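S.K.: Make the full structure from the sequences, and use the hints.
Residue numbers (full-length UniProt numbering), protein chains in the order written: chain H, 1 to 389; chain A, 1 to 389; chain E, 1 to 389; chain X, 1 to 389.
Certain hints may be false.
No distinction is drawn between identical chains; accordingly, a pair holds when it is met within one copy or between any pair of copies.
Claimed, not checked - SDA-like, lysine to any residue: derived pairs with alpha carbons at most 25 Å apart:
#, residue 1, residue 2
1, Lys135, Asp195
2, Lys135, Arg14
3, Lys188, Ser278
4, Lys135, Ala62
5, Lys55, Arg122
6, Lys188, Gly298
7, Lys188, Phe297
Think of the hints as simulated: they come from the structure by calculation, not from any bench.
Predicted model, so just to flag it, every value in this text is computed and none were measured.
There are 4 protein chains.
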Amino acid sequence: MTIEAGGAELRQARIRLGMVGGGEGAFIGAVHRMAARLDDHYELIAGALSSTPEKSMRSGAALGLDRIYPDYRAMAIGEAARGDAIEAVAIVTPNDSHAAIAEAFLEAGIHVICDKPVATRRSDAERLQALAARKQRIFAVTHNYSGYPMVRHARRMIADGALGMLRVVQVEYAQDWLTEPLEQTGQKQADWRTDPARAGAGGCIGDIGTHAYHLAHYVTGALPDALCAELSTFVTGRRLDDDVQVMLRYANGARGLLWASQVAPGNENGLRLRVYGSLGGIEWQQEEPNHLRWTPFGQPTQIIGRGTAAANADAARVSRIPSGHPEGYLEGFATVYSEIAQAIRAARSGTPVDAAVDFPTIEDGIAGLAFIEAAVASSGAGGTWVALR
Amino acid sequence: MTIEAGGAELRQARIRLGMVGGGEGAFIGAVHRMAARLDDHYELIAGALSSTPEKSMRSGAALGLDRIYPDYRAMAIGEAARGDAIEAVAIVTPNDSHAAIAEAFLEAGIHVICDKPVATRRSDAERLQALAARKQRIFAVTHNYSGYPMVRHARRMIADGALGMLRVVQVEYAQDWLTEPLEQTGQKQADWRTDPARAGAGGCIGDIGTHAYHLAHYVTGALPDALCAELSTFVTGRRLDDDVQVMLRYANGARGLLWASQVAPGNENGLRLRVYGSLGGIEWQQEEPNHLRWTPFGQPTQIIGRGTAAANADAARVSRIPSGHPEGYLEGFATVYSEIAQAIRAARSGTPVDAAVDFPTIEDGIAGLAFIEAAVASSGAGGTWVALR
Amino acid sequence: MTIEAGGAELRQARIRLGMVGGGEGAFIGAVHRMAARLDDHYELIAGALSSTPEKSMRSGAALGLDRIYPDYRAMAIGEAARGDAIEAVAIVTPNDSHAAIAEAFLEAGIHVICDKPVATRRSDAERLQALAARKQRIFAVTHNYSGYPMVRHARRMIADGALGMLRVVQVEYAQDWLTEPLEQTGQKQADWRTDPARAGAGGCIGDIGTHAYHLAHYVTGALPDALCAELSTFVTGRRLDDDVQVMLRYANGARGLLWASQVAPGNENGLRLRVYGSLGGIEWQQEEPNHLRWTPFGQPTQIIGRGTAAANADAARVSRIPSGHPEGYLEGFATVYSEIAQAIRAARSGTPVDAAVDFPTIEDGIAGLAFIEAAVASSGAGGTWVALR
Amino acid sequence: MTIEAGGAELRQARIRLGMVGGGEGAFIGAVHRMAARLDDHYELIAGALSSTPEKSMRSGAALGLDRIYPDYRAMAIGEAARGDAIEAVAIVTPNDSHAAIAEAFLEAGIHVICDKPVATRRSDAERLQALAARKQRIFAVTHNYSGYPMVRHARRMIADGALGMLRVVQVEYAQDWLTEPLEQTGQKQADWRTDPARAGAGGCIGDIGTHAYHLAHYVTGALPDALCAELSTFVTGRRLDDDVQVMLRYANGARGLLWASQVAPGNENGLRLRVYGSLGGIEWQQEEPNHLRWTPFGQPTQIIGRGTAAANADAARVSRIPSGHPEGYLEGFATVYSEIAQAIRAARSGTPVDAAVDFPTIEDGIAGLAFIEAAVASSGAGGTWVALR
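M.R.: Take a look at the structure:
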């Protein structure tokens, strides 16, 4: 055991947090709550957790919330009227409701922590961006994979030029849970994710393709100029894509491939990024997140471990425990929450945010929607090249 | 995302928790706090976090504790006198102080959650066992590796006979952080762990060998009858062993090998267990904890993933998030805390503990000390066979 | 050690083999010779090994050949005139000379074993196809990766329907040896492979992209109808592509992605195939060729080992040694040679070839050239979709 | 493809080779033949391949041998009488016959290439050692794992001090093929290997334990002074050990553990070596032989690939093909044969053997028998320490 300090812990009063969505039968709400709790920066006190008042009450009571609301509108209004209002709201509902909920809370002067995608249309997201700017509120988006320490390590390496000129980006996100028509069984997660009315125009591409796209952007610092996409629906009766292939062109001549699938048996949550430049290459896999493979061209591949002396400061800053003691998905998610907490506290006190603080925002949400829209357009046109800006 | 429910969450009032040790410069205290927090069963309200009153005050204030004590004795007495006393205390000090602290809190009627080893002598541990029994208090020991879901899966497989007759147990725990005389640099973790006065008679064997021994016991359900050990100290000037080899004999003819080392470069926290029986074999590694390899003899090896349909009920019971979303060290540690929480709540209400609840106790602590004492005796006698009972 | 029989061994007189190319400084010629030797079906007796008569003589003498020719034309004529002429010729020269050499030996009535690609233009390959048919000679192409036992296993699984309806094909072939302008150093392998005059219109796509394309075809049994490609040249001054991305459309709605690169640091010879269908998925990697990952949907991934009871008859037929004793690249290559030997012996005796015999032929070579030509056309047109038939 | 040269090829007349054993139903004989053939240094011309004259004739004819003998005695005498006698004999019979056969051929002045163990008693091996010395003939033993390039790399690293002072040696060799009483089915390999009359006093320890012991010796350059062993027989009715655990003490204070098992389900041919010193650690696994893991203490683990620039000269000297093109078991075995060929050629011409030539000899065979005898003695005495010299 060689690391002295644990994660960031409470030094100021905890942030008052509310939640919309995340009641009975939800998955991601519980993740957000654990993530918010891990480093002890938040206290969950209010919520409108389900789509009906009865379920909201029941879910809120089960969690021991102080203030339970029948719906998000009542919550935004109710909280805005209090002296001890929540400072931030976590939005963990199906995609189609994100924008309206976010708008209500921004209008109420409350910071927003929104699951991705932030909206089902890019134009809605841009409206939210303007609103957040006008209200001077934080709009964070939980592209949680950016919270993994070795992702931070890779981002810093590339920013520092360790890979030289970027050439090739290979990113993939493969799952298998929709190999069969699970939505026809009534399974809640599958149901809304394959329903255009609730998920938006993208199925697989929206659910996980955007995570892959964000990860590539986050690590390389680069967004492509154009794409060519094939969206496929392999399961009979499914209403949205369940597999997507995208070729990407970057401004400097670099090229990328993005593959996302929810019908690839043998893949649990196979998010994997490889980046190659003129001086070397890196590889990272979400299912083994504590190590990054780094190959300086012409030398042996190195396995860089989280928590080791070889992990850089950006990785060390968001590590909690020593090397070899694996941190996982919840820790990465918690890091996003803890980064946001620092920004909220800075906003509280009117001080600048520490320059190292780093979390995805509405701008990332907009980029994700631009990606979805371009890919849907490209695929709809038979796989043509579509500009991304 | 296919799993509906997150981890166990608050349904009753949280358990009032205190902590002894874990102040400035500590590692394991922060781990205990995150573990206690993750599933929201505990509220840390009191502590005596450091070895001097000044540091205790400073550390307690930094954590925002309600009640800060200058030392554990004052804390045990002070809490015992209150109506809202802490219900449990987490003991995260160096080994030599565990027994006295545990005794004080048991005497005060407070449940104990103690880092391993529970004492530096088996006789002390047996005294604590008797005391806990007399006071009817829980005495939990944080052999945290028992909290990993796929360890639970393996344990159940063996209990159900999937491996047939046990034949061979291979367990190892390799680290490299003491390859050089780190203790001579003043590094706090290395300092006390290599000091017989604070660590006890075992160095590597006590610090990590006992974890390996417990894991093998936990998964197989079997304790050996006899051992033959070689304890080595490779670093000049070091006062305790930094590498240990042990051959184990089990009652039914099965054989085991245990290797633990803190001087094996390239190993971060390499706890690994392999168990072979007449019908098949399993393999699990702590650094990739979400998968278990299982080979029914004559068939292909299967990779059983946490959170998948193939994971059994014992694993599913302690999983929080879907397959492919890695759970790590803190989650496993948190499971131990959450299991203990169920026992404490049952004690609160005078109801029986759910039969599925499963966490290491003082009995495991005694077995660990018996192991250390036998190994030290064996090695001291030149590597002879020593009975374990 | 559980397998009784070694590889196929000599039961009839060995096949008289000649070689064109493969002299000093060559790589692949030595590979062909070892492959021909391993199972003892061939005897190398004649050759024109280099591009100049002097080097041919020197190289032939070094190998102890009986008959050394100054060039391939002299060799084809000289051998044709003998009663004990070579029965087959291995062509291992740079790409641009394959067609003319093959033509000369076919005209001489000698079977051809040609390194890929068989020509630099599809039309030339089609001419060779007609010529081989007319002369009733075998025209084998050494797409050697088809010789790996677990590739055979996968092919059989898919043919038998184990994966259900094919949906997604992911194939990649990544190397890093051309990350820098190695051709400018005079390195022989890099020199001709990056020269359009000798390599043909494709660089990376011809050198390794065609192997990936063939492997996907071989295992799935399916050829795509159309493709959309991006060929990139990342190294300044290079005259051919060094990275290629291709999207593939199959007739039944299945989709594929092919990525090949010679500028991806950290990749030695990373040929990897993943195929997903409605019932399950498989994964195979050339660098760990003795195991195939197979996941029946909803069940754990299985690791199927070459030489084990779980390996099917197609794999067992071409395995030489027990499981766990790794067979590698040369063994796979040797299998192609040994399969060809069976066809040559059948031709010798005028008997039908055993139905199980399976090796790549001129038809595969034509498919490969069609792929190159379509990809070059697609990329040249800015990444448009191009039909493959 | 970056390596210019293939394996060593014929530059002088091939060595005339004979074989005893290796007829119908044998495994290792075919391996020896492929190994002898790969680099084209040998020509197999004579043999006494089976235990009965009829089977010998049939087996020899199937292989197309020039000279077939009814038994090894006739062969030794017959060959000795010829001007074109075989120069070397490969002995691939069950263990109990090795010594007598080797003796006969040494007396005939023929070099011996003997499968391990060279005898069933150390005293017999020592007699052979003396005989070989007197006759000035080579006595090679096919501890083939020493032929892997990355094993050579590791050996050189340690010899050069890269690991510093040796501390810990962990070697294991796990298989599962004897998990059930296979010998009772009449399977030939299992039959003699579990028969003390033919295999000698050791079962698993002799069959594979000696390979592990030799590998550790070969790589570290060190032999232990003493051992403490537990030999177990888990399968009912089996007459020899099928699992063995050994603790090893080296002169300089280093410690070793050796585990070999043939009843460990999930292990195909799991030979694995880890060596740790004061400056770093290495790990190598036979089933993934083309890469060596090397960790300089305090730095990231490096993956050193065969055929790469990072592979040292000792590895490069015995590599045939470029990195990423896996070499396997047969290539390693062939390297042993090719090394022996160099020694035989030097003996032919009366010139000194190149200093780099390196293959196991009768001395290694004696060390292996000393190991078996000590382990059997230790285990028989209840697991006591036994000196190895």
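S.K.: Please go over all the hints and tell whether each is borne out by the structure.
M.R.: Checked hints:
1. When the C-alpha separation of Lys135 and Asp195 is checked against a cutoff of 25 Å, the pair qualifies neither within a copy, at 33 Å, nor between copies, at 58 Å.
2. In the homo-oligomer, the alpha carbons of Lys135 and Arg14 lie at most 25 Å apart inside one protomer (23 Å), although the nearest pairing across protomers, at 37 Å, exceeds that limit.
3. When the C-alpha separation of Lys188 and Ser278 is checked against a cutoff of 25 Å, the pair qualifies only between copies, where the shortest distance is 22 Å, while the shortest distance within a copy is 46 Å.
4. For a Cα distance limit of 25 Å, the shortest separation of Lys135 from Ala62 qualifies neither inside one copy, at 33 Å, nor across copies, at 33 Å.
5. In this homomeric assembly, Lys55 and Arg122 never come within 25 Å of each other (Cα to Cα): the closest approach is 31 Å inside a single copy and 53 Å across copies.
6. Within a single copy, Lys188 and Gly298 get their C-alpha atoms only as close as 50 Å, which misses the 25 Å cut-off; across copies the closest is 18 Å, which meets it.
7. In the homo-oligomer, the alpha carbons of Lys188 and Phe297 lie at most 25 Å apart only across protomers (20 Å), although the nearest pairing inside one protomer, at 47 Å, exceeds that limit.
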